[in-house]
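Engineer: One-letter residues, chain by chain:
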Amino acid sequence: MVIAPPRDAEDTGRRRVTGRPRLVAGLLVGLLFLLLACAASLAFGAESVPPGKVVTALTDYDPTDRDQLVVRHLRLPRTLSGLLVGAALGLAGTVMQGVARNPLADPGMLGINAGAALFVVIGIGWLGLSSFSGYVWCGFVGALLAALLVYGVSAVGREGATPVKLALAGATTTAALGSITGALVLSDTDTFDQYRFWQVGTLSRTADIVGQAAPFILVGAVGALLSGRFLNTLALGEDMARTLGQRVGLVRAMGALSVVLLCGSATALCGPIVFVGLVVPHMVRALTGSDYRWVLPYAAVVAPALLLTADVIGRLVARPSEIQVGIVTALLGSVPFILLVRRWKTAEL
Amino acid sequence: MTDRHTLSTERLVLAYDGREVVRELSFEVPPGRFTAVVGPNACGKSTLLRGMARLLAPASGAVLLDGRAIHELSTREVAARLGMLPQSPLAPEGITVTDLVSRGRYPHQGWFRRWTAEDETAVAEALVATDVAELAARPVDELSGGQRQRVWIAMALAQHTDLLLLDEPTTYLDLPHQVEVLDLLTDLNRAEGTTVVTVLHDLNLACRYADHLVAMRDGRIVAQGAPAEVLTEDVVAEVFGMGCLLLTDPLSGTPMVVPVGRHHCDDRHLPAESG
Amino acid sequence: MSAVVTERVAAARASVRGTRRTRQRREVVVSAVLVVLVAAAFVGSVLYGTRTVSLGEVVEALGGGGTRATYYLVVELRLPRALTGLLVGLCFGLAGALFQTLLRNPLASPDVIGISAGASAAAVVASVAFGLSGAAMSLSALGGALLAATLIYLLAWRNGVSGQRLVLVGIGVAAALTSVVSHMMTRSSAVVAQEARIWLAGSLNGRTWEHVGPLLAAVVLLFPLTVAAARSLGTLQLGDEAASALGTRVERSRVALIGCAVALTGAATAAAGPVGFVAFVSGPIARRLLGREAPALLPSALIGALIVLVSDQVAQHALGSNQFPVGMVTSIIGAPYLLWLLTRANRKGRGG
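Protein chains in written order, with UniProt numbering: chain A, 1 to 349; chain B, 1 to 275; chain C, 1 to 352.
It is worth saying that the hints were derived from the structure and are not from the lab. This structure is a prediction, so every number in the text was calculated from the model and none was measured. Some hints could be false.
[Unchecked claim] Okay, the calculated beta carbon distance ranges per label pair: (1) A:PRO336 x B:GLU20: 27 to 37 Å; (2) A:GLY237 x B:ASP218: 30 to 40 Å; (3) A:PRO63 x C:GLU76: 27 to 37 Å; (4) C:TYR72 x A:GLY211: 49 to 59 Å; (5) B:GLY261 x A:PRO336: 40 to 50 Å; (6) A:GLY125 x C:GLU76: 30 to 40 Å; (7) C:ARG17 x B:PRO30: 47 to 57 Å; (8) C:ALA10 x B:GLU20: 47 to 57 Å; (9) A:ARG242 x B:ASP234: 46 to 56 Å; (10) C:ARG158 x B:ASP249: 40 to 50 Å; (11) B:PRO30 x A:ARG242: 52 to 62 Å; (12) B:ALA117 x C:GLY206: 52 to 62 Å; (13) A:ASP62 x C:ALA136: 50 to 60 Å; (14) A:ARG242 x B:GLU10: 20 to 30 Å.
[What the hints assert, rightly or not] Sample of chain C residues at the chain B side, in silico, Cβ under 10 Å: (15) ALA3; (16) VAL5; (17) PRO80; (18) GLY239; (19) SER244; (20) ARG249; (21) VAL250.
Cβ coordinates follow ideal geometry from the N, Cα and C atoms, glycine included.
The task is simple: from the sequences and hints, build the whole structure.
Structural biologist: Structural data, given as structure tokens:
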């Protein structure tokens, strides 16, 4: 091991002192953005609702007012599901990138959402599960199996899971699982009709279902937020982490568990949404540096803000109809994804 | 061989993205000799070689093959006279030695002229010359690093050119394999009169094998000539920025460089600026 | 030359000749067997189905005789379907092998890197949003494939194109384009959406002579062009520098070959949608059959045709009462194969 010269240590120390207030301030700015995004999500849509009425709908609800009805019954649950799903995907992406030490890890790209989707469809179609709290477990199982498959396939062998292999295994799994899901819903026109809307990823869910999903996502989120210190050590490489006394297997398992909780319930709630979990951690790291203890909370704030913004964009560009949020994120998310890929040197791929 | 092909550069400037790497370099490759190009990392030696092989267009100046600007010749005309082995060529997965070496015959085949007895002989001779005939049916990816490098050289030989440029053919090889490859190149040079120009990392091996040594720094030639004549402690200091002790190689009588570091030095050999 | 050397050269010559002969013989045998299998699969898809017809009836129907029902079944339904399957398979197989060889990456087939997705997106937009059909839609699919290919190539370009960067950029572009197809499906009515599914999975259902025409024209035009351009494939495989040193005009050859491959993908996608993984698996299977690395273009094309024809029979008749799109079957077969390939590539410490 190389002993760092004292000058460097001083540097780090100084950065930490001045860095912390800056990071806290940044997080507060992020929260402000999140609040604005929530407000926009409540106010805008097929018809805009003036801000005053939005506030009234939340504080002093009058069921006879049509605008208030829309805000309270459609947009509020939608905004809440955006908050939950956004935070879930942002955190899941960050944890996955940390655990796999792979810049391309993303629940959508790696087929985890597709696995959850397939099992949810099986749960609804074959097992006759109709309540969210019933089929969400199918989502967990599907997410877990897909994660194991994709990671297992790409990690075999000497060089381990390189970004390309992981991405390909993910894209392949997504295609195959999507085909099976498609085959299952094909025979049933009604199911297909629902499925084609669900498979693109949409936030419009009833308050009831959002409420049922919330506890799962919250548990997963707490697990993810607590893992920052371990991810920091793991970032130095598996061998180094072991040398520093970390139980690598345990950390991996914990990470995987929270990812499965987050992705499974997010997908069961809103369908597969790609690129959010991939792009957000990279954006956040540009602000916070590589310390996962900061990356994680930032991701939990930035991801829902972006997801809600994408949802609002989808509602506004195609008024009076709308573009599902999954499509907006796939289209907009591909841009930073490609920029990321371009930035790497070939040797790193 | 009387009408040997000649290769030279004239005030050649080579650049990547507008950044000059080789600056106004004029250089004549001695025909029929073994030339080694040495210099620190990023001194432009590989770039010079790529420029001379027509893989990189000059920003200004020219590379002359038999007195004509190489970039005005067709790719095929160049390939018939000049062979080049890049630093890391790619062997397709599972390709056999025979097949890889056969691809060296590409410039000699045309739309209607496919595989002939002449191609067969050229490939066989290249396999024998590089001592890989026994490996002919083996897949290239199963060979050792030294064997693989010999196969690549065989491919370049099958091309039947009497100018052969090699970009660091000994990198990634261990010492015995480095010697093996350089011995092979010397054989070729002596037996066939092939003009060899190779970029080398190891100064001692370069001195031992080269008839003509070219030392570069910052895109310019600092010194060139027979190793024993050009290599002095001052030249090494100028090219590599490193003090050294110059001995005589007990086997070949060529100069041998012993580097001087901070922990192993006496005052005489510290570089001028720090001593 | 000394006698010893002459002798060694003679021995080496014999071994070179032997190696080449064995290889050529194997290629001929494999191709011949594949041709027979493809022919059998083709005849099989014309003969078998919910109602089996005899070869005699088929010949009769082709000559204009026989009952009207048989004529309709054979000439209007099964023949165009089988022909589309055959040609689509040939195109995808060839295009896949070209891409994989050119980009020196077994994973870089047009269905993985988003070329098919480009064709699909263009076709679905043309049909759902503009109500186009027939040749106009085929042309839009072709345009979509070309556009996607250009986009991916430009986006992946950074002092040259690395195979891996191109694959990753392609996956990103494919995700975005697939979402466009999904979106068009949510915009259409349920019935149209069922039909538009072809653009997500790839299907031979309801293919008519209208689909065969443009496809056949594309094959007749593109196959000879590809064969002509493929001469430089052997040196391009050795890397740009080595290829150039061997007298290949690298950029020109590559652009010509990629152009052919993209056009083949576009034409096939226009006819049957992005039949998943056919382009991807054909090349590797062909190489394994031949036991060598060289670009096995003809065998790859034949394997593509065989896969599509057999998968379509499975999709139509082997899975209960529903007729599934052929692309679903090929994806379900092809995806595990890709995953297996990834683990294998890993074990060798290469390939991705």
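Engineer: Please test the hint of 49 to 59 Å on the beta carbon pair from TYR72 (chain C) and GLY211 (chain A).
Structural biologist: Holds, since TYR72 (chain C) and GLY211 (chain A) (Cβ atoms, about 57 Å apart) stay within the stated range.
Engineer: Given ALA3 (chain C) was flagged as interface, is its beta-carbon under 10 Å from a beta-carbon of chain B?
Structural biologist: violated (13 Å)
Engineer: Do the Cβ positions of ARG17 (chain C) and PRO30 (chain B) conform to the proposed distance bound of 47 to 57 Å?
Structural biologist: Since the Cβ atoms of ARG17 (chain C) and PRO30 (chain B) sit about 38 Å apart, the hinted range of 47 to 57 Å is violated.
Engineer: Go ahead and decide if the range 27 to 37 Å is satisfied by the Cβ distance of PRO63 (chain A) to GLU76 (chain C).
Structural biologist: violated (60 Å)
Engineer: With chain B as the partner, please determine if GLY239 (chain C) meets the hint condition of a C-beta pair closer than 10 Å.
Structural biologist: holds (4 Å)
Engineer: Within 46 to 56 Å: is that where the Cβ-Cβ distance between ARG242 (chain A) and ASP234 (chain B) falls?
Structural biologist: holds (51 Å)
Engineer: Taking 40 to 50 Å as the stated bounds, is the beta-carbon spacing between GLY261 (chain B) and PRO336 (chain A) within them?
Structural biologist: Holds, at about 47 Å.
Engineer: For the range 30 to 40 Å, tell me whether the beta carbons of GLY237 (chain A) and ASP218 (chain B) fit it or not.
Structural biologist: holds (37 Å)
Engineer: Look at the Cβ atoms of ALA10 (chain C) and GLU20 (chain B) and judge whether their distance stays inside 47 to 57 Å.
Structural biologist: Holds, since ALA10 (chain C) and GLU20 (chain B) (Cβ atoms, about 51 Å apart) stay within the stated range.
Engineer: Does the nearest C-beta of chain B fall within a distance shorter than 10 Å of the C-beta of ARG249 (chain C)?
Structural biologist: The hint holds - ARG249 (chain C) has a Cβ within 10 Å of chain B, the shortest such distance being about 5 Å.
Engineer: Kindly confirm whether 52 to 62 Å is satisfied by the beta carbon distance between ALA117 (chain B) and GLY206 (chain C).
Structural biologist: For ALA117 (chain B) and GLY206 (chain C) the Cβ distance comes to about 56 Å; the hint holds.
Engineer: Verify the interface restraint on VAL250 (chain C): the C-beta must sit less than 10 Å from at least one C-beta of chain B.
Structural biologist: Holds: closest Cβ of chain B sits about 8 Å from VAL250 (chain C), inside 10 Å.
Checked against the numbered hints given earlier, the structure breaks hints 3, 7, 14, 15, 17 and satisfies all the rest.
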